[in-house]
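A.B. asks: Residues per chain, in single letters:
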Amino acid sequence: MPSAKEIKSSMRGIRDTMKITKAMYMISTIKMRKAKHQLEATEPYFYGLQEAMSSILYNFPSVKSRYFGEVVGEEEESEGKKDSGSKKKGYIVLSSDRGLAGAYNQNVFKVVENLVEHMDKDEYELMVVGELGLHTLTGRGYNVNQDFHYTATEPSLERARIVAENLILDYYNGIYDELHVIYTRMINSMETTVEIQQLLPLKKTDFIDMENEKIPRHLRSAESGKLGANEGDAQEYLIEPSPQVVLEEIVRNYVTGYIYGTLVQATACEENSRMTAMKSATDNAKDMLNVLTVQYNRVRQAAITQQITEISSGARALKKNKTKS
Amino acid sequence: MASFNLKVLSCDRLFYKGECDALIYPAQDGGTEILANHTQMTAQVSVGELRYKVPGDPEWKIAVVTGGIVKVGHNDVTVIVYSAEKPEEIDAERARKAKEAAEAEMREKQSKVDQRISEDSFNRAVQRIKSAGR
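As given, the protein sequences belong to chains E and U, one line each in that order. Using this note's numbering, the final residue of the first sequence is 325, and nothing's skipped along the way. Using this note's numbering, the final residue of the second sequence is 459, and nothing's skipped along the way.
These are calculated hints, taken from the structure and not from any lab test. Where is the CB? At the ideal position from N, CA and C, for every residue including glycine. Mixed in with the good hints there might be a few duds.
To be verified - Sample of chain E residues facing chain U (criterion: CB under 7 Å; computed from the structure): (1) TYR45; (2) GLY48; (3) ALA52; (4) LEU157; (5) VAL245.
Extracted from the complex, chain E is given alone in its bound form (with noise of 0.2 Å):
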């Protein structure tokens, strides 16, 4: 059994962790909290966008895009060559610049491994957001783009149009194929998911219903659903400066509200198991001054019990002594 005094040096110990895990703990509600803000926030652009989306693509069927993953214009011929070409992915993988966060990235990195295990490195490329993410993930020797260095604390719509900027056009270039973003969502307050989503070429299934040439009901507008199926109403309908510009520039603003809204997703998920984590922390340390304490109560005890069995022995041996001398 260890001394009183160990076990009070391991209990001061494991009170002082348990003085950080609990600030952790108030700080990452806090930071979820926000996070959970701004993802509401989000949400009415992207559905207007959504909206505006399947409306062009219902008045204007004909518009053809690379961001459908349609071949336009001059491109049809080279586009023999490029088929022969090994197709290349990109993967946008969410991770944290801070660890500590439960199985969060771990979480992320398993799906990462199961989808890249089958693989030939040329044929994806990882693009990895937070610090731990990148080191971990160039550490076990998969194909990391090196020049994609970008935090993954506070999101902020600035970075998110640079990281979408890029892609799009590296998407637009052809350097990759499809565009896909991995990313934890949430399900609920306690659950949380790991989802790996198309970004580009984008899906123009999503937005109007192909076989009825209708808009999807739930988007559409009061007003749109009057409109015939036929390019006769749709010369009636102004879009400036062309459908092609028009569809194009919310396709960049769609990607881009799609890559920010899934950064505050991921720091929301982040945040929470970081929570979650820093609260077992804490009450593990609960558990286990209680035992201690419990211990400790014990050695001391018994070592009082002892110095008093010696006390009154050693008395009774001198009385003893007394009455026979």
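Once you have looked at the hints, place chain U on chain E.
C.D. replies: Chain U only, in chain E's frame:
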């Protein structure tokens, strides 16, 4: 004066929602005004000043916007932009720094893509400084 519904959405918030008498948005070829009963339209919005008139207030309200679209339905106008700020919200100091940084970037030898990004941020900074100075 007839009014219409205006919604200004930016990436991080709902900037404005409510009645509006007139709206001028920055297009590539200059400001374009939208009044009530405008025909259905979707158009590109560039970096610049978005101005709108709220019923009962003769003053134009100003918002600095950075790129997006405007969607006109039946008396229902939605402006969707990256960011929208009131002039008084703009941090002039920050904008000036951003302008200087963008200028420095533009002087350097850059790839076409980087050049475009720097130019864009330069334009945004210039617009912010211009509007903040009012």
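A.B. asks: It remains to establish, for every hint, whether it holds in the given structure.
C.D. replies: For each hint, the structure was consulted:
Of the supplied interface hints, the one on E/TYR45 holds, with its beta-carbon coming within about 5 Å of a beta-carbon of chain U, less than 7 Å. Evaluation of the E/GLY48 hint against chain U yields a held restraint, the C-beta minimum of about 5 Å falling below 7 Å. Nearest Cβ of chain U to the Cβ of E/ALA52: about 5 Å, under the 7 Å cut. The hint holds. Hint on E/LEU157 holds. Least Cβ distance to chain U is approximately 5 Å, under the 7 Å limit.
Against a cut-off of 7 Å between C-beta atoms, the interface hint on E/VAL245 holds, since the closest Cβ of chain U lies about 6 Å away.
Checked against the numbered hints listed earlier, the structure breaks none of them; every hint is satisfied.
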